[in-house]
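Hey, can you work out the whole structure from these sequences and the hints?
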Amino acid sequence: MKYIDEFRNSDIAKNISVAIAEKARRLKPINIMEVCGTHTMSICNFGIKDMLPDNVNFISGPGCPVCVTPKSYIDKAVAFSKKPGVILTTFGDMVRVPGSNSSLREEKAKGRHVRIVYSALDAVELARKNPDKKVIFLGIGFETTSPTVAASLVYAKKQKLCNFFVFSGHKVILPAMEALVKDGDVRINGFLCPAHVSTIIGKKPYTLITGKYKTPCVIAGFEPLDILQGIYMILEQITSKISKVENQYKRVARDSGNKKALTLINEVFSVEDSEWRGIGMIKKSGLFLNKKYSDLDAEKVFPVKSVTTKPDAGCICGSILKGIKTPFDCPSFSKTCTPEKPKGACMVSSEGTCAAYYKYRIWKE
Amino acid sequence: MHELIKKLFVKRLGNPLLDQLGDAAVLKAGPGLAFTTDSFVVNPIFFPGGDIGKLSVCGTVNDLCVSGSRPRYLSCAVIVEEGFSYGDLEKIVSSVKLTCKKAGVDIITGDFKVVEKGAADKIFITTSGIGELCQGDPLSIGRVRPGDKVIINGTIGEHGAAVLLAREELKFRAKIYSDCAPLQDLVSSILGRGVKFMRDPTRGGLATTLNEIAADSGYNIGIEESMVPVKESVRVLCEALGMDPLYMANEGKVVVIAAPEHADRVLSIMRKCPLGKKSAIIGEVKKEQKRIVYLRTKVGGKRMLDMLSGEQFPRIC
Numbered sequence: 001m002k003y004i005d006e007f008r009n010s011d012i013a014k015n016i017s018v019a020i021a022e023k024a025r026r027l028k029p030i031n032i033m034e035v036c037g038t039h040t041m042s043i044c045n046f047g048i049k050d051m052l053p054d055n056v057n058f059i060s061g062p063g064c065p066v067c068v069t070p071k072s073y074i075d076k077a078v079a080f081s082k083k084p085g086v087i088l089t090t091f092g093d094m095v096r097v098p099g100s101n102s103s104l105r106e107e108k109a110k111g112r113h114v115r116i117v118y119s120a121l122d123a124v125e126l127a128r129k130n131p132d133k134k135v136i137f138l139g140i141g142f143e144t145t146s147p148t149v150a151a152s153l154v155y156a157k158k159q160k161l162c163n164f165f166v167f168s169g170h171k172v173i174l175p176a177m178e179a180l181v182k183d184g185d186v187r188i189n190g191f192l193c194p195a196h197v198s199t200i201i202g203k204k205p206y207t208l209i210t211g212k213y214k215t216p217c218v219i220a221g222f223e224p225l226d227i228l229q230g231i232y233m234i235l236e237q238i239t240s241k242i243s244k245v246e247n248q249y250k251r252v253a254r255d256s257g258n259k260k261a262l263t264l265i266n267e268v269f270s271v272e273d274s275e276w277r278g279i280g281m282i283k284k285s286g287l288f289l290n291k292k293y294s295d296l297d298a299e300k301v302f303p304v305k306s307v308t309t310k311p312d313a314g315c316i317c318g319s320i321l322k323g324i325k326t327p328f329d330c331p332s333f334s335k336t337c338t339p340e341k342p343k344g345a346c347m348v349s350s351e352g353t354c355a356a357y358y359k360y361r362i363w364k365e
Numbered sequence: 001m002h003e004l005i006k007k008l009f010v011k012r013l014g015n016p017l018l019d020q021l022g023d024a025a026v027l028k029a030g031p032g033l034a035f036t037t038d039s040f041v042v043n044p045i046f047f048p049g050g051d052i053g054k055l056s057v058c059g060t061v062n063d064l065c066v067s068g069s070r071p072r073y074l075s076c077a078v079i080v081e082e083g084f085s086y087g088d089l090e091k092i093v094s095s096v097k098l099t100c101k102k103a104g105v106d107i108i109t110g111d112f113k114v115v116e117k118g119a120a121d122k123i124f125i126t127t128s129g130i131g132e133l134c135q136g137d138p139l140s141i142g143r144v145r146p147g148d149k150v151i152i153n154g155t156i157g158e159h160g161a162a163v164l165l166a167r168e169e170l171k172f173r174a175k176i177y178s179d180c181a182p183l184q185d186l187v188s189s190i191l192g193r194g195v196k197f198m199r200d201p202t203r204g205g206l207a208t209t210l211n212e213i214a215a216d217s218g219y220n221i222g223i224e225e226s227m228v229p230v231k232e233s234v235r236v237l238c239e240a241l242g243m244d245p246l247y248m249a250n251e252g253k254v255v256v257i258a259a260p261e262h263a264d265r266v267l268s269i270m271r272k273c274p275l276g277k278k279s280a281i282i283g284e285v286k287k288e289q290k291r292i293v294y295l296r297t298k299v300g301g302k303r304m305l306d307m308l309s310g311e312q313f314p315r316i317c
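Top to bottom, those sequences are chains A and B. Sequential numbering of the first sequence, starting at 1, is according to this note's numbering. Sequential numbering of the second sequence, starting at 1, is according to this note's numbering.
It should be emphasised that the hints constitute simulated quantities derived from the structure, not laboratory data. Treat the hints with care, as some may be off.
Taking lysine-lysine pairs in the DSSO-like style, the calculated list, with each CA pair at most 27 Å apart, reads [as the list claims (entries may be wrong)]:
| no. | chain 1 | residue 1 | chain 2 | residue 2 |
| --- | --- | --- | --- | --- |
| 1 | A | K341 | B | K290 |
| 2 | A | K2 | B | K277 |
| 3 | B | K277 | A | K82 |
| 4 | B | K302 | A | K14 |
| 5 | B | K290 | A | K108 |
| 6 | A | K214 | A | K203 |
| 7 | B | K117 | A | K129 |
| 8 | B | K302 | A | K28 |
| 9 | A | K133 | B | K171 |
| 10 | A | K335 | B | K290 |
| 11 | A | K160 | B | K171 |
Structure below.
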């Protein structure tokens, strides 16, 4: 595969890992937070932990869209799926997330119209083909997915589609990073910043982290050489005692981000406080449909009776999402909480920390 | 109904045992028999490289093959939903016939039912099969020992990828054909030549089958990712969707565990078979007894290869 295989070259990887070991030799234990779930999966998938010295640790961050979506959101989605004439459309991972009493997969098995789609535009298409149905799309994810959902809303409005709606659970990543670094519960020595989100937001937002909190930030791609180089760049900043935003992923992410995508987000969404599963409310961290698009806002158009959400019992997803604990610290991990029967969101999503740990290293060695 | 059975099924699939149309076919038993059954449901029922008919023969034939037997007789029970197209049924029965011929088996008993609309999804097929055990050392997981080599007969993941694309829910276009094929010729050419155990990596893919072998043999298995054959088109599709070819279904593949001193010979015989041209030694049985499968990744890292849990879903972003 062109442009992929080059970034998986084992000789170059070996050279970088030797350079990393050299750089880290005199350092105390270093905690690098990989913010994004795709990084977590990539690190596990390519066996990158195995290529690093013992004093360089990864802490998995809150950048898994399914994981941070609160239970109350699932409960509401389940309630929407029960409405007559509704086709609920969603990304695949969401159907398995347990709500308080049910999941979308269980509702699907009961005969509710729950469809897995690959993009929001597929849901728009479904609405166009089924004018007698109301198609609700579950919009979740960070700046990688929100522009495409915004585009689908703009398109639906332009087409005067009256049966396409979005239930927005979208989030922005930076407030969560700030909350974690401010929290102080966990010592973060550097951030491996998400590749795809950064193609949208660019370098600038991270200057808050490097300036105010003096923590190095490196935007890195998802391929093994990207990640290894990103780690090397973070260690370089640490040993030189500086903190700045660097972009390792220049072949895709522009320093200035993607203006068109940002304009779309601003056109459709407004930024408000938002609940993160396991973390709680974070100020100005959620994207909700603004006034102009309120007629396409599922929450406004389909009021549901308030749903009582049960808290996660015995689940430490919150601490895992914050990077304070690892799945091995959780008494449920791999015992009562498995990918087949997940208790918490970190096990449900294929990009969740627990799922990644379970899939690639069941036993602590 | 009787007309349809005679006109379509008996006419197409006929042989001396089936033609009698008795309540049961009466057979002479050999020195040892293998017996298996499997039900087939697939959406869509026609896909590049095969259809539910071909699949229902290959699935059962291959289960018999990897048990070290020569497949001989199959039963075939078909359930269709009311309103199912006769033309499609005809196509499927023809495909059953053709595959039986290739596999050297006969359908000797069967059943056909029509259920109300909605009570079944188009068509379900169940086949059971009997095979005669081949002479020589029987295949057994108990014979697997550290140092044994793990061999696969070609590129993986094509059936899973072909079916996924044929559903047309994803806007991807690629020429990927299911590997669906009966394996009796390839398997019989290597039986008794140092092969200790075999299994066909169908649902759950190669990774799941390797885990079963590790669990049942008691030993760890080490796999070299760079040695596992995967077609470029399947790699690209999986890469784009966030899926893993190691977990994609196969319907014409076999994992062979062979003694180290015989492995190269087994490999060269397999490579001479039409269904084994891309055969490769992909790893070996290790002496550690944690029942874990490890993968040495292409980039040089090491990770565990777990069983597939749940389904693989395309990723969000």
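Verification of the hints:
Between the alpha carbons of K341/A and K290/B the distance comes to roughly 24 Å, so the proposed pair stays at or under 27 Å and holds. Between K2/A and K277/B, the direct Cα distance comes to roughly 25 Å. Compliance with the 27 Å bound is thereby established for this hinted pair. Distance hint between K277/B and K82/A is unfulfilled; the C-alpha atoms sit about 53 Å from each other, more than 27 Å. In summary, the hint linking K302/B to K14/A is supported, as the alpha carbons are separated by about 13 Å, within the 27 Å threshold.
Taken as a hint, the K290/B and K108/A pair is broken in the structure, with Cα atoms around 39 Å apart against an allowance of 27 Å. Proximity of K214/A to K203/A is assessed by CA-CA distance (about 15 Å); at most 27 Å being required, the pair is judged to hold. Proposed proximity of K117/B and K129/A is supported: the alpha carbons are some 24 Å apart, at most 27 Å. Straight-line distance between C-alpha atoms of K302/B and K28/A comes to about 25 Å, which keeps the hinted pair within the 27 Å bound.
With a CA separation close to 23 Å, the supplied pair K133/A and K171/B stays within the 27 Å bound. For the hint linking K335/A to K290/B, the alpha-carbon distance of about 18 Å falls within 27 Å, and the restraint holds. Taking the CA atoms of K160/A and K171/B, the gap is about 24 Å. The hint holds against a cut of 27 Å.
Of the hints listed earlier, those the structure fails to meet are numbers 3 and 5, in rising order.
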